[in-house]
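Colleague: Protein chains in written order, with this note's numbering: chain L, 3 to 266; chain B, 8 to 97.
Since the hints were derived computationally from the structure, they do not count as laboratory data.
Among the hints, a few may not be true.
Cβ-Cβ distance ranges computed for the label pairs, FRET-style [claimed, not checked]:
| id | chain 1 | residue 1 | chain 2 | residue 2 | range |
| --- | --- | --- | --- | --- | --- |
| 1 | L | E188 | B | L60 | 35 to 41 Å |
| 2 | B | Y75 | L | L32 | 27 to 33 Å |
| 3 | L | G199 | B | S46 | 51 to 57 Å |
| 4 | L | N216 | B | G77 | 55 to 61 Å |
| 5 | L | I53 | B | S67 | 15 to 21 Å |
| 6 | L | N234 | B | P15 | 39 to 45 Å |
| 7 | B | A69 | L | F166 | 37 to 43 Å |
| 8 | L | P85 | B | G77 | 32 to 38 Å |
| 9 | L | Y168 | B | G37 | 38 to 44 Å |
| 10 | L | R185 | B | G71 | 34 to 40 Å |
So these bits of chain B aren't anywhere near chain L, every CB distance computed over 10 Å [unchecked claim]:
| id | residue |
| --- | --- |
| 11 | I9 |
| 12 | G22 |
| 13 | P29 |
| 14 | I31 |
| 15 | E32 |
| 16 | I33 |
| 17 | H35 |
| 18 | T39 |
| 19 | S46 |
| 20 | G48 |
| 21 | L73 |
| 22 | Y75 |
| 23 | G77 |
As the structure is a computational prediction, the values presented were derived from the model and not from experiment.
Just so you know, even glycine gets a beta-carbon here, dropped at the ideal spot from N, CA and C.
This is what each chain is made of:
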Amino acid sequence: MSEKTTPETKAEQPATGEEARKQAAATESLVQLGQVSVPPAESNVFCLTIIGQVEGHLMLPPQNKTTKYEHVIPQLVAAEQNPKVEGLLIVLNTVGGDVEAGLAIAEMIASLSKPTVAVVLGGGHSIGVPIAVSADYTFIAETATMTIHPIRLNGLIIGVPQTFEYLEKMQERVTRFVKSHSRISEERFKELMFKTGELTRDIGTTVIGLEAVNDGLIDEIGGIGEALKELNKRIAERKAASNFAIGPQPVPAGVETAIGEGGA
Amino acid sequence: MILYTSMPIDRVMDGWENGPGPLIEIEHTGMTMLLSPLSPGVGRLVRLVSAPLETYLNPSYAPGSLIYYGTEALSRRELAPSDYQTSSIM
Numbered sequence: 003m004s005e006k007t008t009p010e011t012k013a014e015q016p017a018t019g020e021e022a023r024k025q026a027a028a029t030e031s032l033v034q035l036g037q038v039s040v041p042p043a044e045s046n047v048f049c050l051t052i053i054g055q056v057e058g059h060l061m062l063p064p065q066n067k068t069t070k071y072e073h074v075i076p077q078l079v080a081a082e083q084n085p086k087v088e089g090l091l092i093v094l095n096t097v098g099g100d101v102e103a104g105l106a107i108a109e110m111i112a113s114l115s116k117p118t119v120a121v122v123l124g125g126g127h128s129i130g131v132p133i134a135v136s137a138d139y140t141f142i143a144e145t146a147t148m149t150i151h152p153i154r155l156n157g158l159i160i161g162v163p164q165t166f167e168y169l170e171k172m173q174e175r176v177t178r179f180v181k182s183h184s185r186i187s188e189e190r191f192k193e194l195m196f197k198t199g200e201l202t203r204d205i206g207t208t209v210i211g212l213e214a215v216n217d218g219l220i221d222e223i224g225g226i227g228e229a230l231k232e233l234n235k236r237i238a239e240r241k242a243a244s245n246f247a248i249g250p251q252p253v254p255a256g257v258e259t260a261i262g263e264g265g266a
Numbered sequence: 008m009i010l011y012t013s014m015p016i017d018r019v020m021d022g023w024e025n026g027p028g029p030l031i032e033i034e035h036t037g038m039t040m041l042l043s044p045l046s047p048g049v050g051r052l053v054r055l056v057s058a059p060l061e062t063y064l065n066p067s068y069a070p071g072s073l074i075y076y077g078t079e080a081l082s083r084r085e086l087a088p089s090d091y092q093t094s095s096i097m
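Let the sequences and hints guide you as you build the complete structure.
Modeller: The following block contains the structure:
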């Protein structure tokens with residue numbers, strides 16, 4: 003990574019912090035190269051999009067739009083580690099996918115120390131549900147839907163005996179995760195999952211916008227604007243909290259003595 | 008592997024038997040990448056096998072982006088399907 007050098011000459015009216023730096027970079031490029039290149043806007047928010055099928059251990063045929071977990075997981079590590087990234091916006095429009103990969107992504111998002119806000123646009127179905135609820139705060143567009151259905155009727159399974167018990171366990175993993183990361187109760191989630199009569203091909207429920215909020219699955223109705231506002235608020239709160247923690251620290255006893263002795 | 012999806016499984020797995028096609032693994036600018044070759048020196052990124060962490064935040068190295076590696080790619084090997092597809096479902 004190249005370090006940006008601070009320009010020798012300062013602008014006549016220096017602005018503060020980030021603004022000043024951008025302005026200085028633009029001025030420098032004008033002076034040095036005779037051209038104005040707008041420095042690329044650096045965002046403090048990393049946007050992660052979860053689209054199409056969440057691809058797991060098998061590569062899906064190319065007609066599928068996929069989100070590849072082997073890319074998303076290092077991305078989350080990089081976002082957590084990169085000091086320029088102060089918050090994550092997770093945008094979901096997914097039809098589900100691999101259970102293992104989906105839960106891995108959801109667990110990773112839930113374990114991040116930086117603020118995370120998720121927005122469900124269009125749909126956050128099946129394994130998209132735990133991914134959506136894994137963020138600190140969640141939004142759903144008014145028209146967006148989430149399909150909650152059992153794993154066993156729409157699953158693909160390879161060479162596993164005792165299929166029924168196995169699928170029950172897989173379902174339990176999803177249920178437990180959703181319960182512990184949202185306000186919905188286990189009973190209500192299972193009720194939605196096994197509800198008969200609403201879906202023609204499968205048993206389960208499709209919840210639309212406000213219904214997901216009323217059931218406690220999602221926190222609020224909203225789109226990108228609301229989500230970014232919430233994320234910026236959380237980033238500011240986190241900064242304030244860390245500034246407070248850094249603030250006046252008690253001086254260790256040994257240091258105090260040493261200073262005292264030195265001064266005497 | 009269990010697919011938990013609201014999309015019909017036959018639509019998802021359609022074309023499975025054709026496989027992902029030939030893939031090549033190249034080492035380029037310090038990264039090992041798995042590419043689906045399009046023409047000599049150009050490939051579509053399937054995944055980053057090993058790369059510096061910050062590369063994952065760079066959209067130009069997102070899966071599906073075009074990689075121009077030229078003809079002087081340091082090491083390149085053709086992969087047999089068994090190398091990247093761990094098991095079969097049928």
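Colleague: What are the numbers of the hints that this structure violates, sorted from low to high?
Modeller: Violated hints: 11, 12; rest satisfied.
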